[in-house]
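2 protein chains.
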Amino acid sequence: MEKQIKKIIGVDIGGTTIKFALMDTQGKIEKKWSIPTNISEKGKFIPNEICSSIRSSINKDTLVEIKGIGIGVPGAISSDGEIVVQAVNLDWEQIPLKKMITHKLGMDACLLNDANAAALGEMWRGAAHGRENLLFVTLGTGVGGGIILNGRVLNGCHSAGGEIGHIPIRSDENRLCGCGGRNCLETFASANGLVLSMRKKLELLGGSWTEITPPIIFEKAAQNDEAAKEVLNEFVTVLAQALAGIMNTIDVEEIIIGGGLSEAGAYLLDPLKEKLEKYVFPQIRNHFSLKKALLGNDAGIYGAAYSYLLKKAV
Amino acid sequence: MEKQIKKIIGVDIGGTTIKFALMDTQGKIEKKWSIPTNISEKGKFIPNEICSSIRSSINKDTLVEIKGIGIGVPGAISSDGEIVVQAVNLDWEQIPLKKMITHKLGMDACLLNDANAAALGEMWRGAAHGRENLLFVTLGTGVGGGIILNGRVLNGCHSAGGEIGHIPIRSDENRLCGCGGRNCLETFASANGLVLSMRKKLELLGGSWTEITPPIIFEKAAQNDEAAKEVLNEFVTVLAQALAGIMNTIDVEEIIIGGGLSEAGAYLLDPLKEKLEKYVFPQIRNHFSLKKALLGNDAGIYGAAYSYLLKKAV
Chain A
292 MEKQIKKIIG
302 VDIGGTTIKF
312 ALMDTQGKIE
322 KKWSIPTNIS
332 EKGKFIPNEI
342 CSSIRSSINK
352 DTLVEIKGIG
362 IGVPGAISSD
372 GEIVVQAVNL
382 DWEQIPLKKM
392 ITHKLGMDAC
402 LLNDANAAAL
412 GEMWRGAAHG
422 RENLLFVTLG
432 TGVGGGIILN
442 GRVLNGCHSA
452 GGEIGHIPIR
462 SDENRLCGCG
472 GRNCLETFAS
482 ANGLVLSMRK
492 KLELLGGSWT
502 EITPPIIFEK
512 AAQNDEAAKE
522 VLNEFVTVLA
532 QALAGIMNTI
542 DVEEIIIGGG
552 LSEAGAYLLD
562 PLKEKLEKYV
572 FPQIRNHFSL
582 KKALLGNDAG
592 IYGAAYSYLL
602 KKAV
Chain B
292 MEKQIKKIIG
302 VDIGGTTIKF
312 ALMDTQGKIE
322 KKWSIPTNIS
332 EKGKFIPNEI
342 CSSIRSSINK
352 DTLVEIKGIG
362 IGVPGAISSD
372 GEIVVQAVNL
382 DWEQIPLKKM
392 ITHKLGMDAC
402 LLNDANAAAL
412 GEMWRGAAHG
422 RENLLFVTLG
432 TGVGGGIILN
442 GRVLNGCHSA
452 GGEIGHIPIR
462 SDENRLCGCG
472 GRNCLETFAS
482 ANGLVLSMRK
492 KLELLGGSWT
502 EITPPIIFEK
512 AAQNDEAAKE
522 VLNEFVTVLA
532 QALAGIMNTI
542 DVEEIIIGGG
552 LSEAGAYLLD
562 PLKEKLEKYV
572 FPQIRNHFSL
582 KKALLGNDAG
592 IYGAAYSYLL
602 KKAV
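These protein sequences, in sequence, are chains A and B. Numbered as in my numbering, the first sequence ends at 605 without a single skipped number. Numbered as in my numbering, the second sequence ends at 605 without a single skipped number.
No lab work stands behind these hints, which were simulated from the structure alone. Wrong hints could be hidden among the right ones.
Remember, identical chains collapse to one label, so a pair may be satisfied in a single copy or spanning two.
Straight-line distance between alpha carbons at most 30 Å, and here's what the computed DSS-like set of lysine-lysine pairs gives [unchecked claim]: (1) Lys333 <-> Lys520; (2) Lys310 <-> Lys298; (3) Lys358 <-> Lys322; (4) Lys603 <-> Lys520; (5) Lys602 <-> Lys390.
Generate coordinates for the entire structure from the input sequences, incorporating the hints supplied.
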C-alpha cells in the first residue's frame with residue numbers, strides 16, 4: 292500500500308524569482324523561500340538549481356516524508372504533463388522538466404501553467420474556496436487567465452486553455468500584442484493597456500500629467516477628473532464585455548480577479564460587476580460572484596502543490 | 292448484473308416538430324419518425340404525446356429491449372439533468388420532464404439542451420467523429436453553440452454553457468437581441484444578422500435588391516458584387532474574432548459549423564478559416580480544424596441518444 296502523503300512542495304517559476312513552499316496536505320505552509328531565476332544559457336541551470344535548493348532548504352528527515360512536488364511554469368505544458376513546450380521568459384523550448392525533476396529529486400512531479408496554478412491555488416486556499424467552476428483573471432503587465440471546470444484545470448488541446456489575454460477586441464485602434472496579434476484583450480485591459488489609453492486620451496485633450504500609472508489614474512478618477520473617469524469607464528467596458536463573452540461560453544459560478552490592478556479593489560470591481568451583469572446571459576445574471584484574489588503572489592505555490600494532490604487523488 | 296443495452300431512443304423536441312429515432316448502440320437507425328409539437332396550453336401535452344408516440348410506433352417486443360431514452364430540449368436543463376428550467380418556444384418553465392417520462396414509459400431518461408445534443412451527435416456519428424474536444428456552432432436564424440470537453444457536454448453552472456450567440460460584440464450599432472441584450476453575436480452572425488447588415492449596406496449605398504436572403508448574398512458576392520462582398524467580409528470577420536476568442540479560452544481541437552448558413556460551404560468556411568488562423572493564439576494556429584456539420588437536422592436525435600449511452604458508461 293502506498294504511504295499516505297504527508298507533505299508536499301509547491302514551486303512557482305517566475306521570470307525573476309523561483310518561489311518554493313513546503314506545506315502539509317491542508318495547505319499549511321511550514322517553510323517558504325525563494326531563489327533568483329538563473330536565465331543564463333537558455334535557462335539550462337534552472338532544473339538543477341530547483342533540486343539543489345530543495346535539498347539544501349529541507350532537512351533529510353522531512354525530505355523522506357515528501358512524496359511529490361508541483362511546479363508552476365510561465366509557459367505551455369504538454370497535454371501529458373511531461374514537457375514544457377515553450378516558456379518564452381526562460382528561453383525554454385521542449386524541456387522534459389518532469390523527468391528531470393523526478394530523476395534528480397527521487398520524488399514524483401507535476402507540471403502546470405503558472406496562471407492555471409494560481410487559479411487552482413485560489414480555489415484551494417483562496418478567494419474561490421469551496422468552488423469547483425471558476426475563471427481566474429490576472430490583470431498585471433499583461434492579462435492572464437486560468438479556468439477550472441469541475442475542480443480541474445482546463446489546459447486545452449494545445450496548452451492554450453485560459454489564454455484570455457489574447458481574445459481579439461474589435462477596435463479602430465491597432466495595438467500590437469506580445470503574441471504578434473493586434474488588439475488582443477491584454478493590449479487594452481492590462482496595466483500597460485490602461486496607461487496607453489490614458490496617454491492617448493491626454494494627447495487628444497492636449498493635457499499632460501507628470502506621471503501616468505494605474506494607481507494615479509484610479510486616484511484622479513476618484514477625484515472626479517473627467518479624462519481619467521472616461522478612460523477607466525472604457526477600460527472596464529472592454530474588460531466586462533470580454534469576461535461576459537467568456538461567461539456566456541463556459542458559464543462558471545465565480546470570477547476571481549488578481550494581479551496588480553486588482554489592488555484598486557472596489558474602484559475596479561464594483562463598476563466591473565455592474566457592467567458584467569448587463570452583458571451576461573439572463574440565466575447567469577445575478578447568479579455568479581466576482582471577487583478579488585486573496586493569495587497574491589503565493590497563489591502559484593499553493594496551486595502547484597495542490598495540483599500534485601489532485602493528480603494523486605485520481 | 293444489469294442487462295446489456297441493445298437499443299436506445301433519441302428524441303429532439305423542436306418548436307414545430309418532435310423528431311424520434313430508434314437506433315442500436317452503434318447509432319444505426321432502425322426507425323425514424325416525427326410528430327407536430329403541440330404547444331397549446333403551455334405545452335402541457337408534450338410529455339404525454341412523446342410517450343404515446345413511442346408506444347404506438349415501436350412494437351412491444353422491441354420496446355422491452357429499450358432501456359433508455361435521450362431527449363434534446365430547446366431550453367435550459369438543470370445541473371442534475373432532471374428539470375427543464377426554461378424553454379421559451381414551448382412555454383415551459385420548471386418542468387420535471389425526466390421524472391414524467393421515466394414514470395410513464397418505464398425506462399430511464401436523460402435530458403440535454405438541443406445545441407448540446409447536436410454537438411454530441413456530430414461527435415458520435417458526424418463531422419467530429421473521433422474527437423473529444425470540440426466547439427459546435429449553428430448559424431441559423433440565431434447563433435447557437437455546444438461545447439464538448441473530454442467527451443462530455445459543458446452544460447455550465449446555470450445551463451448557459453455554449454451560449455455563444457450572446458457574446459457581446461463591440462459595435463457602433465445598437466442591435467436588439469432576443470435575449471434582451473444589445474449587439475450579441477447572433478445579431479450579426481446569424482442569417483437574420485447577415486440580412487440586416489446587407490439591407491443597411493444597400494440603404495447606405497442607395498441601392499436595393501428585390502429580395503435579400505443569405506443564399507442571394509453569397510451568390511452576388513460570387514458574382515463580384517462589391518456591396519455583397521463587403522458585407523460578407525465583415526460578417527466573417529465578426530464571426531472569426533468571436534470564435535477565435537472562444538478558441539483562446541477553451542482551446543479545443545475542432546470547430547464544426549452547422550445550421551442553414553453552413554450550406555454556403557467553402558464560400559463561408561474558407562474565408563472563416565483564413566481569418567481564424569489570424570486571430571487564434573500562436574500555439575493553436577495551424578493545429579485545429581474547421582468543418583461543416585454532417586448530420587443536418589438529425590444531429591439532435593443522434594446526440595440525445597448518445598447522451599444516454601454516456602450516462603450509462605459513467
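### Message
At most 30 Å between CA atoms: does that hold for Lys310 and Lys298 within a copy, between copies, both, or neither?
### Response
within (17 Å within a copy, 56 Å between copies)
### Task
State whether the alpha carbon distance between Lys333 and Lys520 is at most 30 Å within one copy, between copies, both, or neither.
neither (44 Å within a copy, 48 Å between copies)
### Alpha-carbon proximity context of Lys602 and Lys390, limit 30 Å
Result: close within a single copy only, 16 Å intra versus 37 Å inter.
### Query
Given a CA cutoff of 30 Å, do Lys603 and Lys520 count as a within-copy pair, a between-copy pair, both, or neither?
Answer is neither: 49 Å inside a copy and 55 Å across each miss the 30 Å cutoff.
### Query
Between Lys358 and Lys322, at a C-alpha cutoff of 30 Å, which is it: within one copy, between copies, both, or neither?
Only inside one copy: Lys358 and Lys322 sit 16 Å apart there, 56 Å across copies, limit 30 Å.
Taken one by one, the earlier hints fail for this structure at numbers 1 and 4, listed in ascending order.
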